[in-house]
Amino acid sequence: MKGVRGRLLHIDLSSGKTKEQVVPNDILEGYLGGRGLGARLLFDTLPAGTEPLSPENLLFFLTGPLTGTKVPGSSKFVVITKSPLTQAWCDSYSSGRLPIELKKLGYDGMIVCGKSNHPCYLKIDDDGVHIKGADAIWGKDSFETDRILKETEGDPYAGVTSIGPAGERLCRFACINSELYRQAGRGGVGAVMGAKNLKAIVIRGRGQVHQHDRKKLVALNQQNYQRSRKSEVARARMRYGTPLTLNITHAGGILPTKNFQFGTWEKALEKIDAEGVYKSRISRKACISCFTPCSLVTRASSGKYQGTIVEGPEYETLSMFGSNLLIDTLPEIIQANVLCDSLGLDTISAGNVIGFAMECFEKGLISPAETEGLEIRFGDGEASLAAIEMMAKRRGFGDVLAEGVRNMAAQIGKGADQFAMHVKGMEFPGYEPRGAFGSALSYAVSPRGACHRRAWPPAKEILGEYPPYTVEGKAEMVKGLYDENCILHSLLVCDFQSKFIPLSMDDYAEYFQAVTGEEITKEDFLSIAERIETLIRMFNVREGLTRKEDTLPHRTLNEPLPDGPAKGQCIGKENLNRMIDEYYACRGWDSSGIPTKETLKKLQLL
Amino acid sequence: MHLKISVLGPDIALREKTDLDLASPTLREVVKALLEQDRAKWERVLQEDCTPSERYEVLVNGRNMKSLEALDTKIEEGDEIVFTVPLVGG
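The listed protein sequences derive, respectively, from chains A and B.
Taking numbering that gives the first Met the number 0, the leading residue of the first sequence gets 0, the next gets one more, and so forth.
Taking numbering that gives the first Met the number 0, the leading residue of the second sequence gets 0, the next gets one more, and so forth.
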């Protein structure tokens with residue numbers, strides 16, 4: 000089919016050898032691309048029990064069938080590997096030039112394995128793959144690395160993807176940066192890259208991406224562009240960006256506050272919410288191939304960090320470095336965002352880790368003697384910025400922070416695990432699950448740990464018809480949301496257009512047909528999603544994960560929320576168990592969470 | 000009665016204090032009163048039949064009216080009502 004080439008670029012950093020790998024057509028048809036293709040490849044090629052930071056781990060950079068076309072939001076790529084944060088499946092998404100250039104070179108993705116003897120970077124172009132020494136950039140931050148490589152290679156338009164010092168030092172939630180402010184943020188993919196001594200990838204292709212019916216594609220875009228301009232939702236998103244989410248989560252009582260102790264924070268309003276960020280904007284930005292720009296570029300307007308510019312902060316950063324740390328000064332959050340992006344840290348995990356450390360400090364579980372003198376208190380922006388530098392460079396107490404909240408809690412002991420806000424080792428994102436029970440289920444069963452990308456249950460529970468504090472029907476609801484996002488992440492398009500233009504599965508089937516020439520239906524998509532999600536489950540089962548890991552922190556299960564609309568709510572073990580039982584049943588998995596033979600057969604996985 | 004009303008859409012209005020001459024009204028009666036008070040302001044968000052315009056959701060004290068009694072939801076003194084586009088994620 001058009002749109003995909005069925006070719007992967009395989010690079011072994013240990014031997015320095017490269018080869019092409021052919022992907023059979025039935026795999027492309029059965030898994031589409033992106034997450035789906037990665038699930039099939041990782042399951043088939045990564046030996047069980049592989050240590051994530053060993054040379055044997057595999058690092059996939061994958062595109063989708065719509066990548067490199069004018070389909071809105073199609074400049075995404077996914078990094079797939081075994082996570083050093085969770086020891087489980089990991090898919091982490093970003094956008095930029097890398098996937099487009101890969102497609103122009105005639106590849107659907109690349110696989111990096113082995114480990115280079117010395118720090119290196121990859122230059123990939125029509126002449127082939129060149130493994131080059133990275134002495135001049137090792138130790139540099141991602142912004143500087145981007146600049147130096149574009150200069151060195153004499154190509155300001157090349158796609159550059161890199162890690163910062165956090166990835167080099169194997170921080171377990173290090174990210175991979177693209178286009179300065181775009182990150183494959185979650186799960187520690189940057190540490191896997193660092194463990195391979197791979198600092199960066201510079202990529203440039205000169206070919207074309209073939210599309211079946213360009214006229215139809217243009218017509219679909221014209222129609223959806225008009226819809227977006229008439230949609231109140233799209234117009235709100237384009238004006239305020241993701242910070243508007245903060246007003247909604249605050250109103251619904253699910254805004255993470257003080258390390259997930261509370262669900263609302265009045266002080267956030269007009270300071271670090273949609274209005275606060277809007278006042279600091281200096282421009283707007285869209286991803287490549289997107290006609291609904293939703294990123295605000297902001298500049299710190301006052302104080303010590305006045306003049307600092309960032310693309311963002313997005314909602315997740317505002318919640319994790321704002322309300323979750325009781326910091327209501329936007330310039331400090333902008334500075335935290337810039338530091339995380341340049342040093343190569345996931346802002347969600349980093350903010351969550353700092354919130355956890357602040358609560359440990361407040362409760363007297365850690366003292367300045369253990370933090371190299373850092374008094375890490377809620378509300379202290381300077382302390383949070385110092386902690387970012389320490390964790391990225393594993394300096395002093397930063398070596399503990401860089402391990403993530405699960406490992407920190409084990410090291411600190413004294414009951415700290417009761418408020419270590421993670422699932423499977425991955426830190427919670429910016430939605431308090433006690434105010435939207437579907438989020439609790441979604442976090443618990445997520446194969447990559449607490450995840451906001453697989454499903455957004457508040458869309459149904461705060462902004463829809465589902466009662467938020469009940470369990471009835473939540474398993475089916477979460478499965479439906481998972482399956483739709485699975486298709487978006489396998490076609491590899493942005494989540495947002497589907498929500499705010501909105502674009503339906505039928506719309507994406509039209510785009511798929513225009514690009515590939517293949518007819519597909521919504522039902523086909525959803526069958527494929529079921530196959531992919533079950534295969535990912537099988538990967539985790541093979542890695543030794545069980546139902547025991549599909550759980551939530553003590554706080555979420557047992558401590559009633561003390562404030563806001565969801566005051567008095569907690570999930571409770573019984574409620575969680577019921578939702579999990581029902582979710583497994585919806586998926587065709589047994590009560591231990593293992594896919595049954597009948598299910599595997601039905602999904603053509605046997 | 001005094002209510003706190005917010006609109007979260009392409010133009011934000013946060014927690015405007017609104018006085019309405021109503022006693023123990025339903026949400027429908029509140030919406031009707033808002034339209035009567037300032038039709039130009041509210042016609043983008045609310046329709047003549049008192050339902051929210053396409054793609055707006057209504058939260059009463061953080062709960063979607065759809066999971067309460069819809070437009071028959073009882074409104075009390077000091078309640079917070081949010082008219083919002085359905086946007087989450089970030």
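Some clues are possibly wrong.
[What the hints assert, rightly or not] Estimated spans, in silico, between C-beta atoms of each pair: (1) A:Q222 <-> B:E42: 23 to 33 Å; (2) B:H1 <-> A:S301: 46 to 56 Å; (3) B:S52 <-> A:Q305: 19 to 29 Å.
[Stated by the list, open to error] So these bits of chain A aren't anywhere near chain B, every CB distance computed over 10 Å: (4) L169; (5) S230; (6) V232; (7) R236; (8) E269; (9) E274; (10) S318; (11) V399; (12) H451; (13) G463; (14) F495; (15) H553.
Please keep in mind that the hints were generated in silico from the structure rather than gathered at the bench.
Glycine residues also receive a C-beta, built at the ideal position from the N, C-alpha and C atoms.
Hint check results:
{"no.": "1", "hint": "A:Q222 <-> B:E42: 23 to 33 Å", "result": "27 Å, holds"}
{"no.": "2", "hint": "B:H1 <-> A:S301: 46 to 56 Å", "result": "34 Å, violated"}
{"no.": "3", "hint": "B:S52 <-> A:Q305: 19 to 29 Å", "result": "40 Å, violated"}
{"no.": "4", "hint": "L169", "result": "28 Å, holds"}
{"no.": "5", "hint": "S230", "result": "7 Å, violated"}
{"no.": "6", "hint": "V232", "result": "4 Å, violated"}
{"no.": "7", "hint": "R236", "result": "6 Å, violated"}
{"no.": "8", "hint": "E269", "result": "7 Å, violated"}
{"no.": "9", "hint": "E274", "result": "6 Å, violated"}
{"no.": "10", "hint": "S318", "result": "8 Å, violated"}
{"no.": "11", "hint": "V399", "result": "28 Å, holds"}
{"no.": "12", "hint": "H451", "result": "7 Å, violated"}
{"no.": "13", "hint": "G463", "result": "7 Å, violated"}
{"no.": "14", "hint": "F495", "result": "7 Å, violated"}
{"no.": "15", "hint": "H553", "result": "25 Å, holds"}
Violated hints, listed in ascending order, are 2, 3, 5, 6, 7, 8, 9, 10, 12, 13, 14; each of the other numbered hints is respected by the structure.
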